[in-house]
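Participant: Construct the entire structure; sequences and hints are all you get.
Sequence order for the protein chains is E and G.
Quick note: the first sequence, position 312, residue 312 per this note's numbering, numbers continuous.
Quick note: the second sequence, position 171, residue 171 per this note's numbering, numbers continuous.
Treat the hints as calculated values from the structure; they're not laboratory data.
Do not take every clue at face value.
[Said to hold, decoys possible] Computed spacing ranges between beta-carbons, pair by pair:
1. Gly177/E - Ile185/G: 33 to 39 Å
2. Gln85/E - Met192/G: 31 to 37 Å
3. Val201/G - Lys181/E: 29 to 35 Å
4. Ala27/G - Gly12/E: 47 to 53 Å
5. Gly12/E - Ala221/G: 41 to 47 Å
6. Ala27/G - Pro212/E: 40 to 46 Å
7. Ile185/G - Asp286/E: 46 to 52 Å
8. Ala65/E - Ile58/G: 34 to 40 Å
As the structure is a prediction and not an experimental result, all values here were calculated from the model.
C-beta: ideal position from N, C-alpha, C; glycine also.
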Amino acid sequence: MSVLVFIDQTEGKIKKSSYEAATYAADTAKLLGTHAEAIVIGDSTEDLSALGQYGIQKVYHCAGADVSHLDAQVYARIVSECCTQHGATVVVFSANTSGKAIAPRVSVRLKAGLVVGAIALPETSNGFVVKKSVFSGKAFAHVAINTAVKVIAVNPNAYTITKTEGTATVESLSNSGSAGKINVVAVNKVTGEIPLSEAELVVSGGRGLKGPENWGLVTELASLLGAATACSRPVADVHWRPHHEHVGQTGLAIAPNLYIAIGISGAIQHLAGVNRSKTIVVINKDPEAPFFKAADYGIVGDAFEVVPKIITALKKLKGIS
Amino acid sequence: MKILVCISKTPDTTAKIAFTDNNTKFAGDGVQWIINPYDEWYSLVRAIELKEADPSTIIHLIHAGTADSDPIIRKALALGGDEAIRIDADSQDSYYIATQIAKVAQEGGYDLIFTGKETIDYNGSSIGAMIAETLDLPFISHAVKFDLSGSTATVTREIEGGEEVDQAPLPLVVSCQKGMAEMRIPGMKGIMGARTKPLKVVTPAEVDTLTSVVSFDLPPAKSGVKLISPETPEELVILLSEEAKVI
Ligand SMILES: Cc1cc2nc3c(=O)[nH]c(=O)nc-3n(C[C@H](O)[C@H](O)[C@H](O)COP(=O)(O)OP(=O)(O)OC[C@H]3O[C@@H](n4cnc5c(N)ncnc54)[C@H](O)[C@@H]3O)c2cc1C
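Facilitator: Below, the structure written as structure tokens:
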């Protein structure tokens, strides 16, 4: 018996959400009185033994050209075979784009019950019950997994990473099956920006900012904080900002530690994507804006006057003049 | 070319989220139901566009649900699609639903299966990948752009911090999100035409469920907003660093 976690990488580097998944796996293993192992697929530039610092005892590494990019069909087969061969009873993923493509396939292969979007450790006092986010962050469901093997995909930013001492042993694994059918023709990364889904701090702008020419306020505040930028749907619809910044019910759902909303009314569909943020700040000139009801801190004022003052105060705090 | 579009029914985005039966059931009474936005705006409309480009294309819609879902299915047919199949089954277990759909898909011999990236109620994000695994097909998730050339699909998918362009042979399963197509509103002709399009009801196959919902709950209400004067917004910086400790 063991807990197996899939470690997702980008350009050979482990993603932050995978460290969260690793910690979740290690803590689940503790709960079940067993140990946690990890599987990494694709070449890596990391010292994989360092996964030991996140509570992982052993790492299976499957490298090589035929697994150099994500093909869910191939990755799911490799993860499932590893799970069966090493007797894992719980398989953990991050519920990021890779995890959402692979975990359901592993669930079918192993006929193992699946929960995508877990936000807490399993409850094992009566069965095996996982708390997950539903209704786009507006509610939680406690879902029982009724099979011997369980598959869990943990929401990004929902579980805190713990890092201690430790070294994992690394064992290589070969891909016994055929290569996948998907070819990657191009990868276009938005360079120098923090991926929104992984960001701990997010500054977001809405229609109240009047036009793309005013986004300097949002980007300057974001870069001072080391935050990612986001926007409301109408802003992306009229192409003031790129689509990948659109958060909400029909965009990305995020759960950063801090979400600063500037000139966003706080429509229910917008809140659905951001209401899991730990601290919400709303800057809006309308005291009746619904967003204030969901906020922790609010400033009723004109963004064009308020935000520059916040930027100045932040520079002072950070010792930048 | 045959396309299968998966259609799910969800509460309207403004619906009040509440639970009954000791918090084990969504309080659906009086709730307005809609086609899951990802299914409607992106996957269905993109399929319709493919048919517009190649009229020999056949589009089937598939939904797993009870007869209560028929209005939603008709609405989807009003947008487009040649016929619909409803699997007469109701379940919250994604394995159960995906296996049912996969069985129908297998018999139908589809070249392309579209799903939304997730439903906005259970946020499972798993049906597409599960269908693909059951049928041993390649799967591309979070697609923002889809083009066909012969039997090769070129799909742009979202990845953390960017996009990836993939090529894959048909048959293929794709989960769709914003960018795939522009939302449409059904016209009078579509609505009238939808009434006579075939809606086949099939009995579900014997399939296991692997999970079950024990209960639901709502997040605790926010304790209330702390307002900072617009004259002194710098106080916000102090509160965020010293009280909330987030910066
Ligand atoms: C099915 C469906 C799905 C949807 N999905 C999403 C989604 O995923 N994400 C999303 O965001 N929306 C979504 N919407 C749209 C949503 O209902 C709102 O229309 C949208 O969020 C409003 O965007 P906004 O707050 O930027 O603009 P507005 O509602 O126009 O609000 C602008 C705000 O800016 C304030 N303001 C104006 N000037 C200033 C100033 N100088 N300083 C400070 N404040 C100022 C105003 O007081 C106002 O509150 C969806 C709608 C539907 C029907």
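Participant: Let me make sure I understand: some of the numbered hints might not hold for this structure. Which ones are they, in numerical order?
Facilitator: 1, 2 and 7
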